[in-house]
Amino acid sequence: MDMEKNKTSLMKVFMNYSVPLLFMVICLIGVYASKLNAVYILNEISVRLSRNLFMVLALIIPVIAGMGLNFAIVIGAMAGQIGLITVKIFDIGGFPGFLMAVLFATPFALLFGYGTGLILNKTKGKEMITSLMLGYFANGLYQLVFLTFMGTIIPVDNPEIILSGGVGLKNALDLKLIQYAVDNLFRPNIMGVKVPVVTLLLVAALCFVIKFLVKTKLGQDFRALGQDINIAEVSGIKTDRIRLIAITISTVLAAWGQVIFLQNIGTLNTYNSHEQVGMFAIAALLVGGASVTKATISEAIVGTLLFHTLFIVSPFAGKNLFGDAQIGEYFRSFIAYGVIAVSLVLHAWQKYMNARNREKLE
Amino acid sequence: MRGFWKSITDKYGYPKVFITLFLLILCILAVVQKQNLPGLIKDSLVRVGMNGILVLAMIPSINSGTGLNFGLSLGIVCGILAGCISIEMNLFGLKAFFTAILLSIPFSAAVGYAYGLLLNRVKGDEMTIGTYMGFSIVSLMCIGWLLLPFKSPEMIWAIGGRGLRTTIALADRFAKVTDKMMSFNILGEPVPTGTLLLFGAGCVLMWIFLKTKTGVAMMAAGDNPRFAAANGINVNRQRIVGTMLSMIIGGIGIIVYAQSFGFFQLYTGPLMMPFMAISAILIGGASARKASISNVVSGTILFFSLLAISLPVINKMMPEGNLSEVVRIIVTYGVILYALTKVGRDD
Amino acid sequence: MEENYVLKLKNVSKEYFGNKVLKEVNLNVKAGEIHALVGENGAGKSTLMNILFGMPVIHNTGGYTGEIIFEGKKAEIMTPNNALALGIGMVHQEFMLLPGFTITENIKLNREITKQNAISRILGDSLKSLDIEAMRKDSQAALKKLGMNIDDWVPIAGLPVGYMQFVEIAREIDKKNIKLLVFDEPTAVLAESEAEKLLDTMRNLSANGIAILFITHRLDEVLAVADSITIMRDGEQVSEMKRKDATLAKIAQIMVGRKIERVVHEARKYENNGEIVMSIRNLSVDMPGEIVKSIDMEIRKGEILGIGGLAGQGKIGIANGIMGLYKAYGEVYIGNTRLELNNPRKAIESGLAFVSEYRRGVGLLLDTSIEMNIVISSMQIQNRFLKGLFGLKMISLKDDRKIREWAMKMIKDLDIRCTGPDQLARRLSGGNQQKVCIARALTLEPEILFVSEPTRGIDIGAKKLVLDLLVKLNKELGMTIVMTSSELGELRSISDRIAIVYDGKLEGILAPTDSDVDFGLMMAGEYRSKEVV
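Residue numbers (the numbering used here), protein chains in the order written: chain Y, 1 to 362; chain R, 363 to 709; chain V, 710 to 1242.
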């Protein structure tokens, strides 16, 4: 009797965590096939976890509020880059530079988040495709500003960052002045693994903030919206306003996340750094077992861990298995897109089946 | 004046009106800048012929009710695969071109059928799913292009590398074969007659199809699925028919495109291609639920002339940066975004 | 002696676009009483409630006239929040509960008890923490008041339906100032024992001083709990009575009674020996909200059979089930051939045609021309109005010339008012849209024509035209017509027999000339019990 109960609950655990378990298996195979040593992998993981997790966590609140996966975090990332470009122009380095970047980025992120929210309120039920398209559209505007306004409308005359023609930012900006500004504040070497403690503390702080938020009145409203926006509306919750807040928070967090990310990388690819951000963050969250309607902090952590392990090992594994590192790289971008596609399909399918079942029940 | 403006925007929709105005301004600028006008017209015609069939691929998907085909890259991949096979078979000229088209049809049809089955299970979310199915299949095919056993030296990396090249030149195969067909000169510039005729023929065939019994059933299924079901029309089957047709036309479209462009772009090349076609048909006045041949023709002409003309005009105004590319991005996604805010509002 | 009324409505009237739906209605609810509000669908009950709750639909359409007096004071209820502030609550028919929230979270939805924390002091009230303990305490108290013994911290999903209803009620009584509670058809979704318990709860609440407005069409429940009864009909308050003066038959008669204008044609004699064109055996239909439970019926050649009953009782489901629009079980014979169910194509091929009650949703292609709307079914199923491409039989194109000819004929025959056959169906008025639907059905040349709610949402003049048209088709072409309608008056004006459906079953078949009492009892499902009494 008890045995059976254990069996079913074990099955249940297995079903509930099928996605992360699957990826864990893939990761283990990858780690084995890559023939990398453990210290290297652990070092890479600690770096990637500290620099990427913040962005992944930025996705959680819109999911809770029923707005799905916020593909528009790329717009937040753009705001972060605006902050970084500003400190680059004013040449403020080190930890103060990092703080200034965050400070400059925040008002832009608030503005962009609010605008995104307004548009998403006009396209309820189509938030995901809209936020995706909005990201591409915003990318166009971003290029317009930094490619053509810089040096013309915005008077910046700094040959280090402006293209030789005097107009437009260079493709790559050197961010050495704030590289590791946070990471190296305190970075003890634990058995060969250099852990960026302060960055990880920032991430941990965000986890607590999200945990706190969910337990407030605002968080309760997010959750209510996530379950059924119509009932929330009937109960007198100002749904449009709550949605605006959710998406604005997400955008601001994404901006900060991008600043954290780039202080580690040390180079800003002016026109590309933000492009893939949304996709990779979303894929990481989903790998952890989250879905379009449900996301938790632990899923974000597990997902980031697994997804980036895959990132580290797949070129090596591809090279060792197929004699071509390129295959590994294509494989990981297939995994990124594929996991999003599968998750979207499952969500839509479930929605469709529920609608059909409800029709039958009533 | 305000009344006139309103009646115009009501009739044609904001995208069409704004793009037309933008195009007019660019034309005036071109004249002022003393650009080579016949050259611009030729460029526009070439681009229209090149892209027209890809835009046409939106018609069956919209009218069968699956909406804008964000997953068109699936069909595009099939077309490229067929094109590569025709090169592997060592064919040249029109023979290579038409072989590629014929070969693409079974691939696209099979893919379209499977994709149609999927779409029937995710009704209401076709756009998001289509986008990401497109993305994932394109990235899966990246591995495919590396591993597929093609041997033709024109296609595989010359030294050391493995798999197919990222761009495959068609100069010796079927580049410009229909562009040059029946081509004649206007004001010293060659007109891509064959390609335009092909586009025209495609439109006529589609127009006829929409008048057939199946076409009528498909439109009814797309317009009002409940009505269609009540009148004995199998809605799911019509949606599959629409998806298959869209993919087949998309596959043919990319071969025509490559013919004119002179290259196949493999790997991530097809990733963003559906968005251009979507934007064009929206500019033509289509919605996510209804589209006509005239939407295709006018949208293709407006959008791709805009791109053709903006390139030299804007670059002359501002040689630095890549402003015309920026304009393309803003127009493409701005139009799609505008259409999304409209979806569901008129119901 | 002026009694203590909690709510008084005085001469309340409401128009929607020139259409009077409430005419000088009065309603008086005493503190602590159970007041039943009964009436057919369309009698104006829901409009009245919308007014009481200040729903936007009222104020966006020009508001209402008359007075609402709440606890002796004139009240202006412009928004649902006004109603809430006054102490008016509603127990919804479809539950307004979040399945993933616990019972407590649902009871306290958007009325959460919060407490300050360090951050909320700086950033504002919306960041206050939830005081879960206090919330649970309140909920437990409310549940206890209802006699519910249940853990308040389990999610709603998975609770039995009856419990959900009680959670809804608990939410209302947890609002401390609640004075008047509206129950909108609360027992419709409950099993019998649950319904009993609910009625007990209502008695309890009223004993505690909360007035209850009980909207229902289950007359036995009215008689069981109500202290007073208001009956509405056609937007008017037609009667107010005390419990002691009320009998089942009396309420039923007042509820449906109206002058019958049988001007359209003479009632034909009920012919028992007419040829049977369709027999229905054990037909069940899974139509959401209109479930049919095992019905047997015969349809005779050349008759007009009416199907009546209150909304939600299943009358609409019959035609929809036979035509294959909703999942159906059982047997249907046309003559001696068994009809394959759940297949609209087969139904149409077998000589049936259907004009749906959901005209704009199922009945029309709104953005398509009138002519295509008329011919499309026939084209798709009977392969008419087609021609080969350049004479090729393989590819069949629509035959524009034939379509145009036929459409012109139908437009003339049915007097469809339009600018031409290529006008879009969306642009037509309701009555003309209905004629297009009928034209499509006629194009199929059916043996039996099913028409559901043919006059819903069309104006008075057009109503008569549509009914006249049905009679004409019946008389001149001998077409058998099965008309489903919520308006008993129109059924009685043109049908030969009227079948009344209650709770998904056939309650009985009446002649149009039978008495109001019989119709009323049948529609309330009390006809058989009357014979027992």
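These aren't lab readings, by the way, just hints derived from the structure by calculation.
Please note: incorrect hints may appear among the correct ones.
One side only, chain R facing chain V, incomplete, derived with CB under 8 Å [to be verified]:
| hint | residue |
| --- | --- |
| 1 | Asn398 |
| 2 | Pro400 |
| 3 | Lys404 |
| 4 | Lys575 |
| 5 | Lys652 |
Even glycine gets a Cβ: it sits at the ideal position worked out from N, Cα and C.
Here is how each hint holds up against the structure:
1. Residue-level restraint check for R/Asn398 is violated (minimum Cβ-Cβ distance to chain V is 44 Å; threshold 8 Å).
2. The criterion of a C-beta within 8 Å of any C-beta in chain V is not met by R/Pro400, whose closest approach is roughly 39 Å, and the hint is violated.
3. A least Cβ separation of about 36 Å between R/Lys404 and chain V goes past the 8 Å threshold, and the interface hint is therefore violated.
4. The interface hint given for R/Lys575 is met, as the beta carbon of that residue sits about 5 Å from the closest beta carbon of chain V, less than 8 Å.
5. Using the Cβ-Cβ criterion of 8 Å, the hint placing R/Lys652 at the interface with chain V is satisfied: the shortest such distance is roughly 7 Å.
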